[in-house]
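Novice: First to last, the sequence lines map onto chains A and B.
Under the numbering used here, the first residue of the first sequence carries the number 1, and numbering increases by one thereafter.
Under the numbering used here, the first residue of the second sequence carries the number 1, and numbering increases by one thereafter.
By construction, these hints were calculated from the structure, which means they are not laboratory data.
The beta carbon of each residue, even a glycine, is placed where N, CA and C say it ideally should be.
Just to be clear, a hint being listed does not mean it is correct.
If you want the footprint, here are the derived chain A segments under chain B, 3+ residues with CB under 8 angstroms [to be verified]:
1) 57-68
2) 111-117
3) 156-162
4) 201-209
5) 229-240
6) 257-270
Taking lysine-lysine pairs in the DSSO-like style, the calculated list, with each CA pair at most 27 angstroms apart, reads [as the list claims (entries may be wrong)]:
7) K70(A) to K198(A)
8) K253(B) to K70(B)
9) K63(A) to K198(A)
10) K253(B) to K160(A)
11) K70(B) to K155(A)
12) K160(A) to K63(A)
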Amino acid sequence: MSHAATESRPALLDRLREALPKIVLSPTVAIVAVFVYGFIAFTVYLSFTNSRILPSFDLVGWKNYELLFKIRAWDIAVSNLLVFGVLYIVICCALGLLLAILLDQRIRAEGFIRTIYLYPMALSFIVTGIAWKWFLDPGIGLEAVVQGWGFESFKFGWIKDRDMAIYTIVIAAVWQTSGFVMAMFLAGLRGIDSEMLKAAQIDGASTFALYRRIVIPQLRPAFMSAFVVLAHMAIKSYDLVIALTGGGPGTATEVPATFMYSYTFTRNQMGIGAASAVIMLMTIAAIIVPYLWSELREKKQ
Amino acid sequence: MSASSSAKSGINFGRYILYTLLALFCIYYLLPLYVMVVNSLKPLSEITSGGMMSLPQELTFAPWQNAWSKAQVGVEATGLRPYFINSIQMVVPAVALSTLLGALNGYVLTKWQFRGSTILFGLLLFGCFIPFQIVLIPMARMLGLMGLAGSVPGLIFVHLVYGIGFSTLYFRNYYAAFPTELVRAAQIDGAGFFTIFWRILLPSSGPIAVVCIIWQFTNIWNDFLFGASFSDFDSQPMTVALNNLVQSSTGVKEYNVHFAGAIMAALPTLLVYIVAGRYFVRGLMAGSVKG
């Protein structure tokens, strides 16, 4: 009897010890299960209900999605995101690559210059938005200053112009992130085998050909990472738009993130807001999932 | 002779262009910071009369005092100070807890692997990249149910929940390179789960802890979406209060006060970047190059 008791206690302890790693991990698993995947499921469910101010559980089928695609503001938001996203990614990559190549020429004070190019990344998008908002304001900013220098006919009122305002968001966003893309490309450049470059140089390849045929093709992984990071930042961008233009003038710079917020919390159309959030998630998932999949698989091999 | 000297001057000319370009880009990146600093130190009249780019003619610190303790942000004219304090109260526990949990998770995921741990990590990683719009509605309900709605502890909780993914990613990648034989040897010597973590892994985790802390600090300090969604008037973080200050449509727009406030909001993360830039960059890169 007593023999059995003394034997079962170590067994229990052993089992506990074996389970300890899983016990330590379990709060995280629970948190992710509830607050990431549970919440995604909840929002997806809401997108099929007639929720208005408060969540409701009455299913209405695809109605919210049908309505969503008929709303003009959503149309504007999606096309703005396309314009913004494409320009943002292309300009950041081009500028980042150019800066990385310039910095890779055995520059004096490279560390110092790199610090200057990269510091905007440490700022909040709200700070960036405010700085550019007033700098681009025709009444006090660039336009007023250049006019004050004697160029009376100089005009730069994009931020107040319905057709041009979205480009001011591109300007501010590129300013904030291009240094980071530069750092990614610079790391890629530093990883290239210098023997190969020397051999090509001896063969008489020009600097331009060297970059076009050997260096840039080898930067593919850096391009991939930059694309994924920038695309996902573009889709999520909310703070910058709020601080810079507030989605205006009118609805000229509305993006999906601002649309979701205003429909859910100020217009009390929670069902439609949830539907727009689901579409944002799907878009990001389409970019992120293949990337994570390939990264994790490569690691395993 | 002449050929070689012209080739040399060609190289010099190239270098000259190179440095000019680099300097021009320096100006481009520094311009907004210059605008913020210069205009936070001059009276409003100098800005509205077209002098945004000039140095202050009359140096004044009044905009800074105003932004810190007098400006009308919410209902009362408190300045940004209480919101700055909110942000600090929010950032410190959220960063500490998410880093600690991330370290433990990384330890389990690399040294105590079990069936499905890679899939679990993948699911965790995907959680880092979701657009947070997808969780706003249920999170608002949940915070209400937990009695944390509109409070600083509520914000700490939200940032902890969505910060774990990245901190786990950092520590997992770092511990993956840590020799597993050392862990096994310690196990044979009878060291337990926590002893190994405490005595063997943690003492060598300094560099990655710095990276993780900087990353979390920057992200949480700079967050706007959660702050705007889940805070009340008196629990707003700095970014939300600053935005309210600038967007408020009542009264004269005090640009100099706005710039001073913007610098205050930027200063903590900027200081971190200047002091620990190397780690900051490493954190950014790890956030983009996974696996």
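Novice: Now look at each hint and say whether the structure bears it out.
Specialist: The hints, checked one at a time:
1. 57-68: violated (count 0)
2. 111-117: holds (count 4)
3. 156-162: violated (count 0)
4. 201-209: violated (count 0)
5. 229-240: holds (count 6)
6. 257-270: holds (count 6)
7. K70(A) to K198(A): violated, 59 angstroms
8. K253(B) to K70(B): holds, 15 angstroms
9. K63(A) to K198(A): violated, 63 angstroms
10. K253(B) to K160(A): The hint holds at about 17 angstroms.
11. K70(B) to K155(A): Given that 27 angstroms is the threshold and the Cα spacing comes to 36 angstroms, the pair is violated.
12. K160(A) to K63(A): violated, 35 angstroms
The structure fails hints 1, 3, 4, 7, 9, 11 and 12 (numbered hints given earlier, in ascending order).
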